[in-house]
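First to last, the sequence lines map onto chains A and B.
Taking UniProt numbering, the leading residue of the first sequence gets 1, the next gets one more, and so forth.
Taking UniProt numbering, the leading residue of the second sequence gets 1, the next gets one more, and so forth.
One or more hints might be untrue.
To be verified - Derived pair list, reagent style BS3-like, types lysine-lysine, alpha-carbon separation capped at 25 Å:
#, chain 1, residue 1, chain 2, residue 2
1, B, 451, B, 135
2, A, 151, B, 489
3, B, 83, A, 260
4, B, 141, B, 513
The hints are simulated quantities; they were obtained by calculation from the structure and are not laboratory data.
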Amino acid sequence: MTKSRWKYFKQHKWLYLMLAVPIIFVLIWNYWPMYGVVIAFKDYSPAFGILGSPWVGLKHFKRFFHSYFFGNVMINTLRVSIYSLLVSIPLPIILALMFNEIRIKWFKSTAQTISYIPNFISVVVIVGMINFFFGTQNGAINTLLSAVGLKQIDFLGSPAWFPHLYVWSGIWQGVGWGTLIYTAAMSGIPQDQYEAAYLEGATRLQCIKNITIPAIMPTIVISAILATGGIMAVGFDKTYLLQNASNLSTSEVLSTYTYKVGIINGEYSFSAAVGLFNNIINFIMLFVVNKFAQKVGETSLW
Amino acid sequence: MKKLWKSLALATSASALLFSLSACGSNGNKSSGDEKDGKSVTILTEDHSDVRPKSKDLWMWKEYEKMSGVKVDWTEVKDFGEKKNLLLSKKELPDAFYQTIWTNDEVVKYGTQGIFQPLEKLIPKYAPNLNKIMKKYPDVKKAMTTPDGHIYSLPYLSMDPMSGGRTFRLYINQKWLDKLGLEVPKTTEELKEVLTQFVTKDPNGNGKADEQGWYMNSGELPNSFEKIIDAAYGLDTAGRTAIDNMIYLDNDKLQLTVNSDKMKDVWKYENDLYSNKLIFKQAFAGVDSDKWVADASKDVVGLWSWVSPEMIGEAVRDNYTPINIIEGPNGDKGLVSQPPIMGTSAFMITKDAKDPKELLKWVDYFYSEEGSEFGFLGKEGVTYHVVDGKKVYVDKILNYDKGAQLGSYQYMNNVYAGFFPYLELPQKTKEEAWGEKPIEYTDFTDADVPKQLLPDFMSTPEESSEISTIMTDMRNYVEQARVKFVTGKWNFTTDWDNYVTQLNKIGADRLLKIRRTQYARYQKN
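Kindly generate the complete structure, drawing on both the sequences and the hints.
Set out below in structure tokens:
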């Protein structure tokens, strides 16, 4: 038994050797640094190093949970991320379906390309554009509003508007890019299925409902599972840039709060504790959603 | 499965960064100082080579090497603020840190952990100039002494309140005042009246009501403008740094600013200005400094506030008259100044320095009058001339294409970007050196400088871990509350009590107690 396995191994030794490269890569860059997470349970000081710093147990976690803003920050984070999930999962699918139905080839590819482009704009520029469009004084939208005699709206300074600004600017930027994975999945659907349906007298909507969507369902489920795995991760850059004193009550999320307490004050242990907490929540979410998907449908991550 | 573990690995990204950076750091080429003459030292400083020659090529350092006989091996680091804590994990540190920014908490922490050497015993012997200043101004020593009685770092000192960016003041549009036939306001009442005329009477004469009262980039209001109003309502009794730390002295008793009735009055005044459109509508959101400067060039800014006038742009800066003092309704007034000891972390000697005495002697020169002039002006005949009894930079500095200040930075170190271990020259000397006519401030006397200008206190490690959470949360909450009170979303009669209650929940009482302990310790130092 072992002998035949060894033989098998020897037979494919070059394949195994090739496999060794990524494994070593992952070990060095993903697993080895992981021991550093212990600083979440220590009072880390560069003077003593990661292993030499004194243990403090759950001190940093307790401090985080007992902080005045803990509840507020958690609610803000979940509000933005759940809102974002609800919108950013279905919209790319709908857009991809629309692209798929376009029959004029040049128009389709041009429209797709244009829809990807915002994805390559840097966050700083996006925020500059948001300021330009939504500013109160000379902002394009408010100028329009007052031109038609409507009351100006303080988009940038209002806590109520922050989640909308954040989520919809994200959609504007990412929806085209998000269609890519579905477009790829759709291109794998055999054309004869459509032809057969067409011959049977199916309408376009029926084709979408009965052929396209079932065919891309596994892709939808997988990307939804992956997206929920990032539920605690609200992007730092855009939030921080859009943040100001007046919208702080909804715009202070975990990442910006950690930055203020942890990084600015050089409290790496505290930051690591919050980071670890985040990832545990994300991990649990991923696990739960995956289990759910397994139960309900046939598709799941593992 | 791999994906999952990868997401878990993200948890450690901070530590991974730490790890990889320190790993890179340790193979960095650090020469261990060739000790042929025994007078070679390694010093780390921030990298400013984007605007001036590298330290090893800078005229002043080459000159000082000849004068002192000490050869300095400079290490320069970009983005020091992000890297400083990581630098400390290196096996061997440079002998000293020069002109680098550390918080007091860091100084205490790394001092007690043995990374920085205590200097209090060496200073009297090997730093006579600094020692003289410390004897003459006891506040300097008080501010530098840590809770355990040590001095780990040397200061940046500016004795002239008008120099080194110590004092916030208002800048008011003189063109508009002249046009409307108004005097420079001296009280909060007059200020409101002047601003009202500014925004209603079209002083820029373009027929549009585009004039603003106080207008600056969003977020600046609490920093400079509010502190000037604080002074008019009696919150400036311990100076500008104390206000930053949320404290003031009420009849020699330390109190918190943010929950006092005086703060309420300050915000009421700001609310009054805001609701009458005398403070720019977007004061709290949506305007960056580029947009502000662009607007300012169109002559729409009536009033703004900062430590010096150049920020608003060359085109209009001369239109503005500085106001140092605004008197409040109860006669409170004062200069919004930082204490003379502006930076406490200008020079630190590390555990790896073999000859701390030599380093102290080396740096002490810059605390003498002669060294202070050398650090800023250089040498007569080389970098400056004496014209009519005034020391003025030579032409190659004055005519430098990016201005005289950056021009002098091509030769000297102590002229730009930061807190040097050094005694700052008076503002008048500096302005003369740049070939400018010195600004004469006539609206204040020495009596207007608060009697006690409190510095950032040194905290024990226990205090600092408690304070940092309370202060972060408190700043956050006060920031939100200020917007609501000033813009009128919260009402002073109904919402103030709840505001104070929330501050107590965050830990206002605890903060005050710690601050009082620190103040008592400070006075004893």
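Okay, the hints, checked on the actual structure:
no.: 1; hint: 451(B) - 135(B); result: holds (18 Å)
no.: 2; hint: 151(A) - 489(B); result: holds (18 Å)
no.: 3; hint: 83(B) - 260(A); result: holds (17 Å)
no.: 4; hint: 141(B) - 513(B); result: holds (23 Å)
Hint violations for this structure: none, all hints satisfied.
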